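Chain order of the listed sequences is A and B.
The first sequence begins at 1 in the working numbering and counts up one residue at a time.
The second sequence begins at 1 in the working numbering and counts up one residue at a time.
These are calculated hints, taken from the structure and not from any lab test.
Quick caveat: nothing in here was measured; it's all calculated off a predicted structure.
Some hints could be false.
Said to hold, decoys possible - Just a sample of chain A residues kept apart from chain B, beta carbon distances all over 10 Å, derived:
| hint | residue |
| --- | --- |
| 1 | MET1 |
| 2 | ASP25 |
| 3 | LEU43 |
| 4 | LYS76 |
| 5 | ARG122 |
| 6 | HIS140 |
| 7 | ARG150 |
| 8 | SER164 |
| 9 | GLY174 |
| 10 | ASP190 |
| 11 | PRO280 |
| 12 | GLU315 |
| 13 | VAL316 |
Stated by the list, open to error - Computed beta-carbon distance windows for the label pairs:
| hint | chain 1 | residue 1 | chain 2 | residue 2 | range |
| --- | --- | --- | --- | --- | --- |
| 14 | A | ARG162 | B | ASP298 | 46 to 56 Å |
| 15 | A | ASP25 | B | ALA80 | 49 to 59 Å |
| 16 | A | ARG149 | B | PHE89 | 42 to 52 Å |
| 17 | B | PHE89 | A | MET1 | 42 to 52 Å |
| 18 | B | ARG162 | A | ARG162 | 47 to 57 Å |
Claimed, not checked - Footprint (simulated), chain A over chain B, 3 or more residues, beta carbon under 8 Å:
| hint | segment |
| --- | --- |
| 19 | 39-48 |
| 20 | 81-88 |
| 21 | 124-130 |
Just so you know, even glycine gets a beta-carbon here, dropped at the ideal spot from N, CA and C.
Protein chains: 2
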Amino acid sequence: MRIVVLAGGIGGARFLRGLKSAVPDADITVIGNTGDDIHLFGLKVCPDLDTVMYTLGGGINEEQGWGRAEESFAVKSELAAYGVGPEWFGLGDRDFATHIVRTQMLAAGYPLSAVTEALCDRWKPGVRLLPMTDDRVETHIAVDLDGQRRVIHFQEYWVRLRASVAAHAIVPVGAEEAKPAPGVLEALADAELVLLPPSNPIVSVGTILAVPGIREAVASTSAPVIGLSPIVGGAPVRGMADKVLAAVGVEATAAAVAAHYGSDLLDGWLVDTVDADAVPKVRAGSMACRAVPLMMTDLEASAAMARAALELAGEVR
Amino acid sequence: MRIVVLAGGIGGARFLRGLKSAVPDADITVIGNTGDDIHLFGLKVCPDLDTVMYTLGGGINEEQGWGRAEESFAVKSELAAYGVGPEWFGLGDRDFATHIVRTQMLAAGYPLSAVTEALCDRWKPGVRLLPMTDDRVETHIAVDLDGQRRVIHFQEYWVRLRASVAAHAIVPVGAEEAKPAPGVLEALADAELVLLPPSNPIVSVGTILAVPGIREAVASTSAPVIGLSPIVGGAPVRGMADKVLAAVGVEATAAAVAAHYGSDLLDGWLVDTVDADAVPKVRAGSMACRAVPLMMTDLEASAAMARAALELAGEVR
């Protein structure tokens, strides 16, 4: 079974681990968000791609959900001793090596998709991991800081400020001119199932869909497109998705996120059991819908979610 | 007293520590060799500049004479896990931070001299450390490897092969087109004393002198120019200077190295007490010469060497 998953970071990676467990023989292509990419210390950092790669490859820091296990921070502390920041972005020594390899390959002329493939040669994530685009896209956020309207990088908003200031606009800079990476549109056209994991619908999945051609390819694929709500009981399962939903005027409810994606895109939508009352509302919006547990507390819970998505796909097929 | 020192790596750095101890109030400018610079993992590494900076700044690994104290190797081992080498060059995590800062500043458009100054803002080496040039110079060595004549980077010859193959030619690539870094010629013109520490006369001091204008400035400065022999008893005190001396047809003796520098350059030359019989020969070549202990076994021994150089300068002044 050919499955394509549009994935952000932690939520996407954990869902993918469940999916691999649920359908071990599936041929899975992951289209990864690169809108949260950032240049730090002259190095190209791709947090969402790395989270997927490390999680599926067995190198992730399980507790925090990102970064490497058994990490050390000698480089970062030395950079701070030189007065070189930012200090708010937690790059560990092992993680640095990934960014050094990536940056060196990019400088040598390889596109990000080829670099990602080379990095995955080591990690063997068991999926084909594609960046959404080889072009540079970086999500910026308009906020009020110290009484002034400022536009800052998503990571500064998310990691440094912890989304504690109101976001007024979310702009995936470069997305309009970006082209889908090689293989992205082909994978969507050939897919037998397309899944939207419970990733951030705005800054993760939304950014992938903002690359011209990708939303259209998802909307027009003959495969069922099934999404899983990242909002449970009116709040994000993890992260601060409610803050960025507010910025684009979308209510932080399972039903509102489904409507935001739209029935032109989604064929089915899973909500959590606590949001069972949203099911009729979603169905009224011309999508199949079921309420199932959506908390990825462990691998089995994630696998059950993947199976529920497969079942819903069977219903709409 | 304004002193200018042309320095390579370990020998130069240890001599400088002795010099600072001998004349704490001196105004010391160090012109550092950059011919052993190398790009590794996309980063600009300047081994000699860093050895001087770390040694005088208190960050050096005292036992090995290069690299950082209390070093760890997480980045290097991760790079190896990605199959990215070379593995023969021992970059530690703390050291990586220096190269990351340097590379980022160079990419931002700062010349190496400005970058070196910025790095020294942290280390406070107590000398003004100038790269010999802001231009790219990399020493290459012609060797026979596996039956073929090949030209390899000096570091590959020195670190990977440990100078175990015959060197046929030593070429400071880029030197002919290089310009002295800002401040280099001015420091030499204003100097009251110029010192050539017991650094490698070919690949360290020789490379500095190969930058057009520097040799001429040393030869024409009104200050005494005093050198210290890196060859003691017919062998290099450390390193493998004899191998590169052979490549340029210079005998590995204290007298032959003095003659190689030439009396147009040097006013005085210190040889070790075991080479006392070379003193008349050097004097016959129109240089002042004395035999004193030249083994930098500890700080006091290095300081005594610096004092001996100052005394010899007084003699020729």
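**OP:** Output the numbers, in ascending order, of every earlier hint that fails for this structure.
**Re:** Violated hints: 3, 4, 5, 15 and 21; rest satisfied.
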